[in-house]
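Trainee: Listed below are the residues making up each chain.
Number of protein chains: 2
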Amino acid sequence: MMDEKLPEIRLTPIGTVRSEIREPTHRQAADAASEIVIDEALTASLDSLEEFSHIIVLYWIHKSRRPAPQKVHPRGNPQSALMGVFATRSPSRPNPIGKATVRLLARRGNILKVQGLDAIDGSPVLDIKPYIPGYDSVEDARAPAWMVKE
Amino acid sequence: MMDEKLPEIRLTPIGTVRSEIREPTHRQAADAASEIVIDEALTASLDSLEEFSHIIVLYWIHKSRRPAPQKVHPRGNPQSALMGVFATRSPSRPNPIGKATVRLLARRGNILKVQGLDAIDGSPVLDIKPYIPGYDSVEDARAPAWMVKE
Numbered sequence: 021m022m023d024e025k026l027p028e029i030r031l032t033p034i035g036t037v038r039s040e041i042r043e044p045t046h047r048q049a050a051d052a053a054s055e056i057v058i059d060e061a062l063t064a065s066l067d068s069l070e071e072f073s074h075i076i077v078l079y080w081i082h083k084s085r086r087p088a089p090q091k092v093h094p095r096g097n098p099q100s101a102l103m104g105v106f107a108t109r110s111p112s113r114p115n116p117i118g119k120a121t122v123r124l125l126a127r128r129g130n131i132l133k134v135q136g137l138d139a140i141d142g143s144p145v146l147d148i149k150p151y152i153p154g155y156d157s158v159e160d161a162r163a164p165a166w167m168v169k170e
Numbered sequence: 021m022m023d024e025k026l027p028e029i030r031l032t033p034i035g036t037v038r039s040e041i042r043e044p045t046h047r048q049a050a051d052a053a054s055e056i057v058i059d060e061a062l063t064a065s066l067d068s069l070e071e072f073s074h075i076i077v078l079y080w081i082h083k084s085r086r087p088a089p090q091k092v093h094p095r096g097n098p099q100s101a102l103m104g105v106f107a108t109r110s111p112s113r114p115n116p117i118g119k120a121t122v123r124l125l126a127r128r129g130n131i132l133k134v135q136g137l138d139a140i141d142g143s144p145v146l147d148i149k150p151y152i153p154g155y156d157s158v159e160d161a162r163a164p165a166w167m168v169k170e
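Going line by line, the protein sequences match chains A and B. When we follow our numbering, the leftmost residue of the first sequence carries the number 21, and every step to the right adds one. When we follow our numbering, the leftmost residue of the second sequence carries the number 21, and every step to the right adds one.
Among these hints, one or two may not hold up.
No distinction is drawn between identical chains; accordingly, a pair holds when it is met within one copy or between any pair of copies.
In silico SDA-like pairs for lysine to any residue, Cα to Cα no more than 25 angstroms straight-line [to be verified]:
#1 K119 x A88
#2 K119 x P87
#3 K119 x A53
#4 K83 x P94
#5 K83 x E159
#6 K83 x R42
#7 K119 x P27
Keep in mind that the hints were calculated from the coordinates and are not lab data.
For reference, chain A alone in the conformation it holds in the complex (with noise of 0.2 angstroms):
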């Protein structure tokens, strides 16, 4: 039992992605270049991003099934047995906000050019930050076999 009412939380998105990619996809986007563009009143807030290798994406899975389900199949494999939908990095899930890890190609002012992105043409970016590595990356993390595996 919650001992409060959640609020509503409203997001204005920074920007949109624009990539290759135009469908869900289970494949990893490892290779694939995209763009970022981010709302131009908002271009002074990208300044000293270039100094960083890698960035965290977060962005909006505007195609997610909706509503959730409690329990899928991790990497869409009927194969795999169902598991928690937070165990798992599902798209279809109670806010549908996307992480992704990507390597920062380019800035050119409002733009930014990044490989491995696995998000959809048009989704909506949330946040931009930093990749930090110590503070994102985890030495000793261990993931279950079911995860890990190809």
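Following the hints, put chain B in place on chain A, whose structure we already have.
Mentor: Positioned in the frame of chain A, the structure of chain B alone reads:
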């Protein structure tokens, strides 16, 4: 110039942080133990999460300064040069979503006990994801000295 209007997005938090950290702080929270109380209606969505050693918590930085400044001093240190807010992890950002990677100590029903969460008490939780080594970590990432130095 954006070529389409960015739509407003509405989120309903999935839970709340219970922490001894009551005020925003710039110190690392590496040793802090916290609880994440998830909406009981979503308990089944957590199943199998306990197979992961670490999880990613997306939360709402509900005490952040609004509107966000375009430039901030990294780590809140006035001696540092001003940087674009997206080049920092400042809590005062256009969409103040915090992203923390934390150790999952235990799961009991709808309650997650975690270590290292820098969210303050009462923070609304937006999403829980498993941390996947290799997908969420980068081997060769580079960050500037002003960010990585203590």
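Trainee: Confirm or reject each hint.
Mentor: We went through each hint and held it up to the structure:
Taking the shortest alpha-carbon separations for K119 and A88, both the intra-copy value of 17 angstroms and the inter-copy value of 21 angstroms come in at or below 25 angstroms. Both within a single protomer and between protomers do K119 and P87 lie at most 25 angstroms apart by alpha-carbon distance, with minima of 19 angstroms and 23 angstroms respectively. In the homo-oligomer, the alpha carbons of K119 and A53 lie at most 25 angstroms apart both inside one protomer (16 angstroms) and across protomers (24 angstroms), since each shortest distance falls under that limit. Taking CA atoms no more than 25 angstroms apart as the test, K83 paired with P94 passes inside one copy only; the shortest distance there is 18 angstroms, against 35 angstroms between copies.
Taking CA atoms no more than 25 angstroms apart as the test, K83 paired with E159 passes in neither setting, with 34 angstroms inside one copy and 31 angstroms between copies. Taking the closest pair of Cα atoms, K83 and R42 come within 25 angstroms of each other only inside a single copy of the chain (11 angstroms); across copies the shortest separation is 37 angstroms, beyond that limit. Proximity of K119 and P27 under a CA criterion of 25 angstroms is satisfied in both settings, with 23 angstroms inside one chain copy and 19 angstroms between copies.
Comparing the model with each earlier hint shows a violation of hint 5 alone; every other hint is respected.
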